[in-house]
Amino acid sequence: MGRIQLNQVQKKFGDVEVIPPLDLEINDGEFVVFVGPSGCGKSTLLRLIAGLEDTTAGHIEIDGDDATMLPPAKRGLAMVFQSYALYPHMSVRKNIAFPMRMAKIPQEEQDRRISSAAKALNLTDYLDRRPGQLSGGQRQRVAIGRAIVREPAAFLFDEPLSNLDAALRVGMRMEISELHKKLATTMVYVTHDQVEAMTMADKIVVLHAGVIEQVGSPLELYRNPRNLFVAGFIGSPKMNFVEGPEAAKHDAQTIGIRPEHIDVSTTEGTWQGTVGVAEHLGSDTFIHIHGIPGCDPMTVRASGEMSVVHGDTVYLTPRADQIHRFDAQGLRIG
Amino acid sequence: MATQQSRSAARLMMAPAVILLLGWMLVPLIMTLWFSFRKYLPLRGGDQGWVGLENYARFISSSSFWPAVQTTLIIVGGVLIITVAFGIVLALLLDQPMWGQGVVRILVIAPFFVMPTVSALVWKNMFMDPVNGILAHLWKFFGAEPVQWLSQESLQSIVMIVSWQWLPFATLILLTAVQSLDSEQLEAAEMDGAPFLKRFWFIILPHLSRAITIVILIQTIFLLSIFAEIFVTTGGAFGTRTLTYLIFQRVLESQNVGLGSAGGVYAIILANIVALFLMRIVGKNLDT
Amino acid sequence: MARAVTTQRKALNTAIAWAIGLLIFFPILWTILTSFKTEAQAIADPPVFLFFDWTLENYAVVQERSNYMRFLWNSVFIAGGSTILGIIIAVPAAWSMAFVPSKRTKDILLWMLSTKMLPAVGVLYPIYLIFIKLGILDSRLGLTVVLMLINLPIIVWMLYTYFKEIPGEILEAARMDGASLRNEILYVLTPMAIPGIASTLLLNFILAWNEAFWTLNLTAAQAAPLTAFIASYSSPEGLFFAKLSAASTMAIAPILILGWFSQKQLVRGLTFGAVK
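These protein sequence lines are chains W, P and D, in that order.
Heads up: take any position in the first sequence, counting from 1, add 382, and you land on this note's numbering.
Heads up: take any position in the second sequence, counting from 1, add 53, and you land on this note's numbering.
Heads up: take any position in the third sequence, counting from 1, add 346, and you land on this note's numbering.
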């Protein structure tokens, strides 16, 4: 079981309100990702759930019980930290055993859980090493192993992949996702990387300045961003925003159109522009185009075969059914 | 990091240290203050009542006060000048490439670990003894008349002994500071054609200024209260009675607690003036 | 940094540095050498340097005549006891300041330091009086407590700077793993801070060992440590160079050895982190 409910939870540091009162429900077994730019309060929110920070007001319920005043150790949650926070003076085995030792679990049971966690995480050969002798990915797995053996009600991840290099990050992303499928335990995951959010989450919580901008599944957020912030934050490359007369044609203050929803042609189209930089990735080509009224530069995704160079003239046509309209307050219309 | 629980735990765990130090500071301090306003002669009638500021006036007007202040200033000033000047030279020297650097470092630092009574006694007898001391032998070797170190040149002798004890401290701290100097800065200055003396004056010395200030402040605090070196060598005779020693004599030797306490209050005020400057520097460093 | 230096230059540096180093070290060396001479050789004119009849007689005499072992034991007891006691009190305090800092933490740290600046002589009589009233004058216990108190600020301060270097996330991890505060300090913080705690121990042991104001003023026959033992040689009748040297060597040898191990920590401990 791992149902977490936040009711009017608020956090102030001194006089600074980091998180205005907010409500949030995390269902049992769900993979929830808190995503937002740095300083948006996502880590603070996670630490409030963990009990590493006090709430200024409001209640946190875990599985229906009020946990607001419980110390972290009593909440039955496990956390994986950004720096992994392994105990450098203990072997991998001792690191993983530590929470069980604290809970006074019998030795045989400890050994059983350690060996099964080690097998699942490919750590069997490293159990007697110290964290200092492991690579970044292995340390990450030890941190996860230490969390798993507690059999917690929910896992909390605080930007766990940000210290890994790009290739390892993709691999670990998959491993964590698979782990979630296998354990079916609630996971709350904090990241500033929208790709991680999109690929892993059942439910994404987009945070901005402590406020929840939108909650929904990855595709919901992609298809129906509720406001300009979410629209700009989710999706890569970023959505193009067009203002002025072009937007007025659609009865909106701003219209948004994703790079992948624009057709490029060298002969004809709605808008005419000049190629600035063309990034050839092989599978796709991202073209940054100057000279479009109300949006400079505009990014489009073309097929990998598209061969344009700096200074070429191109024509762009947005797909009418993929245009997002926003009003003067930045809220979605329709 | 800071939940209500950990904050109250923190307060609780800090309590023993804070309470002990508070007691250690306040109780004797208040007692000293109290005694300083009373005529108190433990062996000659005990506590004879309130005398107001008389002890303070008497302590200052006594014929031994100003000489004691002078002696204190000469010792503190002399040792500071010697240790800082030689400390800078030694630090720069030890920073140079050489063979056996670690061993030389140990040789230079060693005097700091010698207990004050030992160094005072060794210097007094084996070096400064006018008949059998090494220095006497050395003087005779060059055909000079041996010096009566601790009776005729007593103040210089004490400055020498104490400087020997504190030179390692100054050297060690200045060496640490020298080593933190960015060598590229020096190389850039060298490329710009600055000769060694200019480099020393415009780059090395400013870089060391903070460390020098700290050495001066910390040493001043310790030097103001040197005791064993005088206790063992001259016992305060031959013009080596410092303020600390004068107070010690008033309190324990002549058992005039009221007068000694008034002197103690002066010493505390003096030390606090120096401490204030030190605290400022240390406090600034805490923020970073 | 890595700059080619001519061999001549390096040789010159080496010669000068060694000469100065040996000059500074000479009083210690001379004391050690003299301790192995006979009294006659010790005052020989001209002085003999290395070529004399080495003897251990002085050590035997000093030990026999003055009960050196008792002074040594007092020193060990007082320096060791005050240091360990100080660490036990300081670890929780330093934990609080390093990991749960508040607006007042800095003030408390500075205030603690300021108690260290209090000139001992200013409070000599009150302490003397309190000791008499409590019946702990000339007792090891009393001196242990006093030395613990005068070194406590340095111990707290050093531990604080070491603890500051331990990432807070690791302690939070322990808390998430279900460790109580006691277990967090016992199983996670302390083992991680062992090097720092060890050097704090070492430096404060040295400082306590060499302390020579309170040890001289608060002890007589019973609790006198080595500082007082040596001071007793300052009276003229005890003036035998070789025996004085033997006694001195025995008093400083243990600490010289410990000191060499602690030289790196010395700077941090004595400048309160102001020089790195």
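No lab work stands behind these hints: they were computed from the structure.
Please read all numbers here as calculations on a predicted model, not as lab measurements.
Honestly, I wouldn't trust all of these hints.
[Claimed, not checked] No more than 25 Å apart at the CA atoms, straight line, and that leaves these computed lysine-lysine pairs for DSS-like:
1) K479/D x K92/P
2) K462/D x K394/W
3) K456/W x K476/W
[Said to hold, decoys possible] Listing some non-contacts, in silico: residues in chain P with all C-beta distances to chain D over 10 Å:
4) R60
5) A62
6) R64
7) P69
8) G131
9) L133
10) E198
11) S207
12) P221
13) D245
14) W254
15) A281
16) L305
17) V310
Where a beta carbon is used, it is the ideal one built from N, C-alpha and C, also for glycine.
Results of checking the hints against the structure:
Using a Cα cut-off of 25 Å, the hinted pair K479/D and K92/P holds, with the two alpha carbons roughly 20 Å apart. At roughly 38 Å between alpha-carbon atoms, K462/D and K394/W are farther apart than 25 Å, so this suggested pair is violated. Restraint check for K456/W and K476/W: the C-alpha separation of about 21 Å stays at or below 25 Å, so the hint holds. Remark: the non-interface label on R60/P conflicts with the geometry, its nearest Cβ contact in chain D lying 6 Å away (cut-off 10 Å).
Listed as a non-interface residue, A62/P fails to keep its Cβ farther than 10 Å from every Cβ of chain D; the least gap is roughly 5 Å. Not every CB of chain D lies more than 10 Å from the CB of R64/P, the least distance being 7 Å, so the non-interface label is violated. Non-interface call for P69/P relative to chain D: violated, since the shortest CB-CB distance, roughly 5 Å, does not exceed 10 Å. At the 10 Å boundary, the C-beta of G131/P stays outside the reach of chain D, the nearest C-beta of that chain being 18 Å off.
No Cβ of chain D comes within 10 Å of the Cβ of L133/P; the nearest lies about 16 Å off, and the non-interface call holds. With 10 Å as the threshold on Cβ separation, the claim that E198/P sits away from chain D holds: the shortest Cβ distance comes to roughly 15 Å. Listed as outside the interface, S207/P is consistent with that label: its C-beta sits roughly 15 Å from the nearest C-beta of chain D, beyond the 10 Å cut-off. At the 10 Å boundary, the C-beta of P221/P falls inside the reach of chain D, the nearest C-beta of that chain being 8 Å off.
Look at D245/P: its CB is around 17 Å from the nearest CB on chain D, clear of 10 Å, so calling it non-interface holds up. In this structure W254/P is separated from chain D by more than 10 Å, as the shortest Cβ-Cβ distance comes to about 21 Å. Look at A281/P: its CB is around 4 Å from the nearest CB on chain D, not clear of 10 Å, so calling it non-interface is violated. With a closest Cβ-Cβ approach of about 7 Å to chain D, L305/P is found to fall inside the 10 Å limit, against its non-interface label.
Not every CB of chain D lies more than 10 Å from the CB of V310/P, the least distance being 5 Å, so the non-interface label is violated.
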